[in-house]
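One letter stands for each residue in the lines below.
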Amino acid sequence: MSRFVYADNAATTKMSPVARKAMLPWLEDGYGNPSAVYRIGRDARRALDGARDQVARAIGAKTEEIFFTGSGTESNNWVLRGICERLQGKGKHIITTMIEHHAISRTLEDLEKQGFEVTVLPVDKYGMVSPHVVRAAIRPDTILITIMFANNEIGTIQPIAAIGDIARERGVLFHTDAVQAVGHVPIDVELLKIDLLSLSAHKFRGPRGVGALYVKKGVKLPAFITGGGQEKGHRAGTENVAGIVGMAMALEDAVQSMEQNLLYVTELRDKLIAGMLQLPAVSLTGHPEIRLPGIASFAIACIEGEALILMLDAAGIAASSGSACSSGSLDPSHVLLSIGLTHESAHGSVRLSLGEETTEADVDYILEQIPPIVEKLRAMSPLWEERVDA
Amino acid sequence: MYSEKVMDHFANPRNVGEVPNANAIGEVGNAKCGDIMKVYMRIEDNIIQEVGFKTFGCGAAIATSSISTEMVKGKTIEEALQLSNRAVTEALDGLPQDKIHCSVLAESAIRSAIGDYYKRQGIDPEPILGCAKDCGGGCHHH
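Chains as they are written, first to last, in our numbering: chain A, 540 to 929; chain B, 820 to 961.
In short, the hints are calculated from the structure, not lab data. Because the structure is a prediction, the values reported are computed rather than measured. Note that the Cβ used here is the ideal one computed from N, Cα and C, for glycine as well. Hints may contain errors.
[To be verified] Reference excerpt, derived from the structure (chain A facing chain B, CB under 10 Å, subset only): (1) L818; (2) A846; (3) S862; (4) C864; (5) T881; (6) H886; (7) M919; (8) S920.
[What the hints assert, rightly or not] Below 27 Å or equal to it, Euclidean Cα-Cα: the simulated DSSO-like pairs (lysine-lysine) are: (9) A:K759 to A:K601; (10) B:K938 to B:K894; (11) A:K664 to A:K629; (12) B:K938 to A:K915; (13) A:K915 to B:K824; (14) A:K664 to B:K851; (15) A:K732 to A:K755; (16) A:K631 to A:K553; (17) A:K755 to A:K601; (18) A:K915 to B:K892.
Start from the sequences, fold in the hints, and give me the full structure.
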């Protein structure tokens, strides 16, 4: 089997040629330490400044509002731990949702142990949080609202503008984990009234191991890593120049071709969704329209996700699942349980995430390969037998 | 993650499906936990003449079902009752730590089918088998 179809772009993406090309000089002769005063150091410093500018423009921020980190997870940790440290005198209450990435939810669990109080808001069957519910949850001691921009498992995009309005009006800081959304859908932090935003390079065809945090001017965040004076002394450690340059180029490229990519990928996604829904007892998870262009996610009754993923792998298709066996825990994905799926249905989840390198032939291939695999697994499944008998 | 043996038994599972005129049927696990194994046997003259399975579960669940049915086929009831989850795991050249419960499930499914056979013969399986399946309740306890 020589054919390979990559349908796990929400996990990570193949680096774009422009990002790779932009990185190379900084992996070769451009090895100067950006803190050094001599020429190759100054060159590296200039590259960092340029990259900061590119990242800022891509999300409607100012250059000085961008801080480079090592990952989206790090950006999330920095925000949550930093805001709690800085504002604990004002209050100890944080608002979030049930469908956040573990980088948020597990960090908040940790903060709960340290005495902070977290309100975890429910979502509807599409995985959408209601702005009214956010408003109602705000208390005088609320110091932060953290709600993801778009969900990594089911693709649903949250009503960020409405939440931003509410947060600004009530004077509460608003952070969004936008790791899945940046570079894929338009984001303007000014327009959306976002105070803090996390992003990760490898989700928009930049390199793995680099992220950034947008911190609105005037928002005071304490240092996350102490040491040298890098990132204005807030995130010490010699900068990953090549990675940062690659991230900035990938993001600029993604934003420039966003309109075209969005249409193209959405069309492929909708073709895939329509094809999958032809199968018996398969349902779409997440919002049918207000979702990321690349994510097609499903619950397939009476089969287990990991078995499906392994069989897809044997057919040359890389995809993922939120089943317990895939997540490495005893429970299936908390996101799928939050939107009301039963454990049984959540075990049979599959996520196919497309990108601009996906072709229509790839989608056709997926739609050709999945039905016999589902049929084979169902023929083996005692649950399917019961369902058919009933 | 998985050994070649596991992948082989997962991709080409042996003894899939029901057995005609089965006189021993056992089912263990539950859908909530993400794995169910159902084993069918035709036992004659104390020998497991035919055996088949249906499994809802991950790659390891399907592979352990496949190999355990292979291991008891043609064996006497007493021999089949000797089948341990460790033997199943070893026969697959090992399982990842978080999949060991699948081998436990396979062992339980075989014992459960034999328990069913005893019941059909009017023999109380409890003294012979002890508590054969899912006594603990809840999902996989490691």
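Status of the hints after comparison with the structure:
no., hint, verdict
1, L818, "violated (17 Å)"
2, A846, "holds (5 Å)"
3, S862, "holds (6 Å)"
4, C864, "holds (4 Å)"
5, T881, "holds (8 Å)"
6, H886, "holds (4 Å)"
7, M919, "holds (6 Å)"
8, S920, "holds (4 Å)"
9, A:K759 to A:K601, "holds (16 Å)"
10, B:K938 to B:K894, "holds (20 Å)"
11, A:K664 to A:K629, "violated (35 Å)"
12, B:K938 to A:K915, "violated (33 Å)"
13, A:K915 to B:K824, "holds (20 Å)"
14, A:K664 to B:K851, "holds (20 Å)"
15, A:K732 to A:K755, "holds (10 Å)"
16, A:K631 to A:K553, "violated (41 Å)"
17, A:K755 to A:K601, "holds (8 Å)"
18, A:K915 to B:K892, "holds (23 Å)"
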